[in-house]
Structures are given as C-alpha cells and as structure tokens.
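Produce the entire structure from the sequences given, and follow the hints as far as they go.
Below, each chain spelled out in residue letters.
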Amino acid sequence: MTPRTTRIVGFVAFAAFVVFVAVLPTFIGDFKAREYSYVGIYLIALLGLNILTGYTGQISLGHGAFMAIGGYTTAILMAGNEQFGGPIPSGMKDVWTLPIAGLVAGLVGLAFGIPALRLSGLYLALATFAIAVAMPSTAKRFEEFTGGGSGIQLFGTPELTGSISNVEIFGLSFSPNDWMYYLAWSIALVAFAVAWLILRGRTGRAFRAVRDSETAAVSSGVSLARYKTLAFGISAAYAGVAGGLFAIASAFVNPDAFPVALSIYLLVGIVVGGLGGLSGLVFGAIFIAFLPLWAQGQDLGSLLPDRIIQETQKPGGPAMVYGIVLILLMFVIPNGVGGLFRRIGQLISSRRYSRAK
Amino acid sequence: MIVAAFSDFMQQVVSGLASGGIYALLALALVIIHRSTGVINFAQGEMATLSAYIAWTLTVNHGLSYWPAFVACLAISFGGGVGIHRVVIRPVERGSVLRIVIVTIGLLVAINGFVIWQWGGEPQQLRSPFGTDTYDVGGVIVAAHDIGTIAVALGIVLLLWLLFRFTKVGLALRAAAVNPDEARLVGVRVTWMLALGWGLAATLGAVAGMLTAPTVGLDPQMMQAVLIYAFAAAILGGIDSPIGAVVGGLLLGVLLNMLSYLSQYDAFGWFTEELRLPAALLIILVVLLVKPTGIFGKPEVKRV
Numbered sequence: 001m002t003p004r005t006t007r008i009v010g011f012v013a014f015a016a017f018v019v020f021v022a023v024l025p026t027f028i029g030d031f032k033a034r035e036y037s038y039v040g041i042y043l044i045a046l047l048g049l050n051i052l053t054g055y056t057g058q059i060s061l062g063h064g065a066f067m068a069i070g071g072y073t074t075a076i077l078m079a080g081n082e083q084f085g086g087p088i089p090s091g092m093k094d095v096w097t098l099p100i101a102g103l104v105a106g107l108v109g110l111a112f113g114i115p116a117l118r119l120s121g122l123y124l125a126l127a128t129f130a131i132a133v134a135m136p137s138t139a140k141r142f143e144e145f146t147g148g149g150s151g152i153q154l155f156g157t158p159e160l161t162g163s164i165s166n167v168e169i170f171g172l173s174f175s176p177n178d179w180m181y182y183l184a185w186s187i188a189l190v191a192f193a194v195a196w197l198i199l200r201g202r203t204g205r206a207f208r209a210v211r212d213s214e215t216a217a218v219s220s221g222v223s224l225a226r227y228k229t230l231a232f233g234i235s236a237a238y239a240g241v242a243g244g245l246f247a248i249a250s251a252f253v254n255p256d257a258f259p260v261a262l263s264i265y266l267l268v269g270i271v272v273g274g275l276g277g278l279s280g281l282v283f284g285a286i287f288i289a290f291l292p293l294w295a296q297g298q299d300l301g302s303l304l305p306d307r308i309i310q311e312t313q314k315p316g317g318p319a320m321v322y323g324i325v326l327i328l329l330m331f332v333i334p335n336g337v338g339g340l341f342r343r344i345g346q347l348i349s350s351r352r353y354s355r356a357k
Numbered sequence: 358m359i360v361a362a363f364s365d366f367m368q369q370v371v372s373g374l375a376s377g378g379i380y381a382l383l384a385l386a387l388v389i390i391h392r393s394t395g396v397i398n399f400a401q402g403e404m405a406t407l408s409a410y411i412a413w414t415l416t417v418n419h420g421l422s423y424w425p426a427f428v429a430c431l432a433i434s435f436g437g438g439v440g441i442h443r444v445v446i447r448p449v450e451r452g453s454v455l456r457i458v459i460v461t462i463g464l465l466v467a468i469n470g471f472v473i474w475q476w477g478g479e480p481q482q483l484r485s486p487f488g489t490d491t492y493d494v495g496g497v498i499v500a501a502h503d504i505g506t507i508a509v510a511l512g513i514v515l516l517l518w519l520l521f522r523f524t525k526v527g528l529a530l531r532a533a534a535v536n537p538d539e540a541r542l543v544g545v546r547v548t549w550m551l552a553l554g555w556g557l558a559a560t561l562g563a564v565a566g567m568l569t570a571p572t573v574g575l576d577p578q579m580m581q582a583v584l585i586y587a588f589a590a591a592i593l594g595g596i597d598s599p600i601g602a603v604v605g606g607l608l609l610g611v612l613l614n615m616l617s618y619l620s621q622y623d624a625f626g627w628f629t630e631e632l633r634l635p636a637a638l639l640i641i642l643v644v645l646l647v648k649p650t651g652i653f654g655k656p657e658v659k660r661v
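Protein chains in written order, with the working numbering: chain A, 1 to 357; chain B, 358 to 661.
Think of the hints as simulated: they come from the structure by calculation, not from any bench. Positions of the beta carbon are idealized from the N, C-alpha and C atoms, including for glycine. Some clues are possibly wrong.
[Said to hold, decoys possible] Pair by pair, the computed Cβ-Cβ distance ranges are: (1) B:ILE498 to A:GLY91: 49 to 55 Å; (2) A:LEU103 to B:VAL647: 29 to 35 Å; (3) A:LEU110 to B:GLU479: 40 to 46 Å.
[To be verified] Computed, partial: chain A to chain B, Cβ under 7 Å: (4) VAL133; (5) LYS140; (6) LEU326.
Structure (structure tokens):
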C-alpha cells in the first residue's frame with residue numbers, strides 16, 4: 001500500500017471506530033457502559049505512556065503515580081481540602097478540573113524528566129517503580145492536602161455531574177453511566193487524535209530517533225534533553241487527565257485507588273497493545289479493564305470449566321492468571337496485538353504485490 | 358539524661374543494623390542476578406514472600422520444628438530459583454530490556470496472586486528462631502531477634518564470599534558473569550551457572566523473608582517496601598558490587614532509623630514513618646544522578 005492509501009484507510013478506520021464508540025451504549029446497556037468508560041480512561045493513559053515508552057524508548061513503571069497526581073488534583077479542586085485544614089476551597093465543576101489535572105501532572109512529569117535524563121533502561125524502570133511504590137505513603141503523609149488514608153469522597157457533591165440525576169446536555173438526556181461513558185470516550189478520541197498529530201510530525205520523528213539510537217539522534221542534531229523531558233511531560237499530562245477522569249468515574253480518591261498494580265497494568269496495556277503503535281492500544285485498554293473480570297469467569301464463564309472458575313474466583317486468583325498471561329504474551333506475541341495486526345497486514349499486502357507482478 | 362539519649366540512640370543503631378541486614382541480603386540477591394544476567398529482578402521481593410510462606414506452612418501444617426523447616430525452605434527456594442530461570446527468564450534473556458522487565462513484573466504479579474490464593478490475605482505469625490527475649494547490654498536494650506538477624510546476615514555474606522572466592526563453582530559463576538562467551542570456550546556451562554545464580558538469589562531472598570516475617574508479620578505485601586529498600590541499598594553501594602550491597606544495606610537501615618529517631622526533635626519533626634519509602638526513593642534518585650556507580654561500583658566504559 002502506498003502511504004496515501006494507508007492514510008485514507010487509517011482515516012476511514014478511525015471514523016468507523018468513532019461511530020462504533022458512539023452507538024455502543026445502545027447495545028450493551030447502562031451498567032456495561034460504565035465498565036466501558038474505564039476502557040476509555042485507560043486508553044488515554046496508555047496513549048500517554050506509549051508516547052514515552054513505545055516511541056521515545058523510556059520505560060516508566062510509575063505512571064500510576066502520575067494518574068494519582070491528576071486524580072488528586074481533580075478531587076481537591078472539586079471538593080476542596082478545607083475540611084482537612086488545607087487551603088483550597090471547593091466548587092469547581094468536574095469537567096473543568098481535567099485540563100488542570102493534565103497540566104499539574106504534566107509539570108511534575110517535566111520536572112521528573114530532568115533527572116530521568118541521566119537514567120536509561122533498567123535504571124529508569126527502577127526509579128519510576130520506586131515512585132509508584134512511594135506514592136501511597138506520600139499521599140498519606142500530606143494529610144491536610146489529600147485527606148490522608150481515607151481520601152476524598154466526591155459522591156453526591158454538587159460538583160460531580162450526574163451523581164444522582166440524569167444529565168441534560170445539548171437537549172439530550174443521559175443516564176449517569178452513559179454520561180460517564182461519553183465523557184471518557186470523547187476525551188479519549190480527542191487524545192488519540194492529538195497523539196497522532198504529535199507523533200506524525202517533527203516531534204514524533206525526534207522521539208523515534210531518540211528511541212532507535214541516542215547517539216545517532218544527537219549527531220543528527222536532535223536535542224536529547226529537550227525531547228526526553230518533553231516526552232515525559234506530554235506522557236504525564238495524558239496520565240493526569242486519565243487520573244482526573246478516574247477520580248470522577250469512581251467518585252472518590254484515596255491512596256489505595258492508585259496502587260503499584262495500576263502502574264504495572266498500564267505498562268502491560270501498552271505491551272499488549274503494541275509498542276510504537278496507537279490503534280492497538282484500544283486492545284491494551286480492553287485487556288487491562290476486563291482481564292481481571294475474565295479471570296473470575298465473568299462473560300467467558302461458559303467457555304471455561306467450572307472447576308477452573310471456582311479456583312480463579314478465590315482472592316488472588318485473577319492476579320495469578322494475569323501474571324501468567326503476561327509472561328506467556330511476552331513469549332508468544334512480543335510486539336503486542338498491534339504488532340500482530342501489522343504483521344498480518346504485511347503478509348496480505350506482500351502477497352498482493354507478488355501476485356500483481 | 359544524656360546517657361538515656363545515648364542508649365536510645367544505640368538501640369536505634371542496633372535495630373537499624375538488623376533491618377539493614379535484611380536489606381543487604383535482598384540487595385545481594387539483586388546484585389547477583391544483575392551481575393550474571395543483567396536483569397533487575399522485580400519479583401525478588403515476592404519470591405522472598407513465597408519462601409517465607411513455605412517456611413510457615415512447613416512449621417504449622419507439616420509439624421516441622423524451626424531449623425529443619427528453615428533448611429527445607431532454603432532448598433525449595435533454591436530449586437524454585439533455578440526453575441524460574443530455566444523456564445521463564447532464559448527465553449527472553451537476550452531480548453529487549455522492556456521484555457525482561459515485563460517478564461519479571463509478570464512473575465511479581467503471579468507469585469503475589471499465588472500467595473494470596475493459596476494462603477489468603479490475612480497476616481500470619483511466623484515465629485522468630487531467636488525468641489522474643491531482650492538483653493540489657495550496658496543500658497542498651499537489644500532484641501535477640503535483631504542480634505540473630507545481624508549474625509545470620511553477616512554469616513551468609515561470609516559463606517557467599519567463601520563460595521565465590523575459593524571454590525571452583527564460584528570461579529565458574531564469576532567467569533560466566535564477566536565474560537559468558539569466553540567462559541563457554543573454556544568449558545564452563547554458562548546457562549547452568551546463570552540458573553545457579555538465580556537459585557542463590559532465591560535462597561538469599563528466602564532468608565531475608567524468613568527474617569522479616571517475625572517483626573512485621575507474615576502477609577502477602579510484606580516484602581514490597583523491603584524490595585524498594587533493597588533497590589536503594591544496591592544502588593547506593595553500586596549495583597554490580599556485592600560488598601557495596603552489604604554496606605549499602607546496613608547504611609540504609611541505620612540511616613532510616615536515625616531519621617525516625619531524630620523525628621522526636623523539633624528540627625526533624627516533619628519526618629514521619631510514611632516518609633521512609635519516599636526517603637529511599639530520594640536516595641535512589643540522588644545516587645543515580647550524582648554517582649550512578651554507587652559507592653563501590655566501577656564506572657562503565659562504553660565504546661561508541
């Protein structure tokens with residue numbers, strides 16, 4: 001396929017996907033819509049993480065912490081922290097807190113990007129992992145800002161849209177679950193388009209150059225410092241927006257809402273979705289949102305023998321399945337579902353070319 | 358007054374050395390694996406937790422007394438470590454860094470899930486082999502478990518040193534780590550040596566886990582924080598230096614306890630227990646930025 005036809009196919013696929021996302025709630029029902037809104041939220045975080053890890057080659061095991069920063073920003077702006085003795089009053093409507101959540105997390109990401117410049121590979125993985133582990137206790141320590149261990153409740157606050165009644169907007173009425181779904185997915189689709197725009201141009205080329213060979217990138221005039229910190233900043237901003245939405249969707253934040261496992265799941269998501277590709281990330285997001293449920297036999301219940309379901313429904317069972325699936329994936333499809341699709345696409349197109357000859 | 362303050366201080370040093378000894382053992386496990394296979398094993402903490410649970414179930418459910426259970430647990434852990442390397446790590450060893458990181462993360466998640474699945478999430482009590490006695494040494498109250506921990510940690514470090522320095526296997530292990538290709542040419546069975554390294558690391562982790570459990574309680578998350586301290590210790594001492602890991606571990610244990618001790622004074626009042634982990638994170642970052650090779654590491658020269 002020529003680049004031109006590839007791009008047209010891409011546009012058509014994206015448009016089809018937008019339509020699919022728009023009509024999905026009418027088929028899956030109200031309750032499922034909320035579950036699928038988490039897929040949209042994870043997709044945003046995965047897009048950000050993939051800009052950093054897939055395109056710029058910097059491993060982060062700490063993106064759950066950036067989500068936490070976004071989540072706390074949103075929650076504090078909505079409910080305020082005067083109740084714990086902090087300085088910030090309540091009263092910001094949930095949707096308007098999201099850009100600020102992205103901005104705050106992005107700035108922290110930029111700041112962390114500077115020391116991260118000197119770390120690479122395993123060391124960066126280690127340092128970011130330490131961030132993920134240290135985040136919950138840090139949130140507990142600064143109680144007057146974060147509400148400590150019990151966190152901040154958002155349910156029933158006037159700032160939370162559609163927490164009790166239906167949401168009326170543009171002359172349409174949405175149930176709270178549908179509203180959450182459409183909010184998460186409209187932001188996710190915009191985030192997708194923005195990521196595509198960033199990555200297709202000069203900046204994206206610089207990112208890929210840094211990933212493929214730092215030495216070669218520097219000798220071609222790409223500033224490592226500039227692009228690595230930029231990648232960290234953008235990536236953290238995405239995570240911040242996702243974290244803000246996460247807080248809105250769950251209607252609370254506390255230190256345990258952003259555990260180390262979340263950071264790990266995000267990394268898993270981009271690996272399943274395929275590093276260095278965007279469309280595959282949808283599968284990554286579905287995977288991390290639903291595998292814990294699948295492992296308990298939900299939806300797939302009839303496909304698996306009862307005995308296995310009984311075992312995996314015990315506490316710890318899903319995590320065990322998750323870990324094993326993760327390792328197997330690394331053996332079987334190291335380039336993720338996205339890579340698998342690209343592979344199949346290549347096979348088909350190369351066949352077509354060889355026939356034409 | 359001053360005497361009382363001094364004995365308080367010394368008490369903190371001793372218990373700092375004890376927790377430092379545990380960090381040192383786990384850090385040593387990380388260093389052994391990093392030296393031989395170039396992998397940072399994120400599952401090291403969970404492997405240690407699993408070992409501690411095995412020791413617990415051997416004593417409680419199978420009626421073994423402590424020391425036979427201890428030895429059996431070390432043997433099982435060693436076998437498990439070798440097995441993990443053969444089955445899980447070897448296929449991805451030559452792949453990208455990300456793949457290796459993800460496989461060890463997968464192990465972390467799977468082992469943690471297995472422990473909860475098998476033994477439930479509630480904390481259990483693994484007793485200390487040294488009892489709960491305390492001794493009064495010139496006004497300083499020291500716990501028998503702390504002294505025992507320090508002794509076991511130092512004893513194991515000594516044993517490892519003897520193994521690496523004076524035995525043929527130790528020489529082969531070092532050769533396989535330093536230059537696998539040439540080692541293979543002179544007849545060292547490199548892949549088995551790497552597996553052996555993983556076995557040793559798992560054994561060290563088992564000891565660390567069994568020594569941690571009596572003080573903090575045996576629960577599935579107990580090694581998560583210890584793993585970060587061990588990372589910090591290994592980085593502080595130099596990720597490729599076994600001596601560095603030991604010194605780094607002891608130093609970190611004492612340092613963190615000093616901060617806790619000082620927090621009774623106004624100037625350090627801001628330091629609370631919740632800041633222990635962030636402090637370790639800060640140490641990791643500062644060392645990696647200021648002196649990435651750690652105290653004992655040698656700078657790596659890269660050819661372009």
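key: Numbers of unmet hints, in rising order   = none
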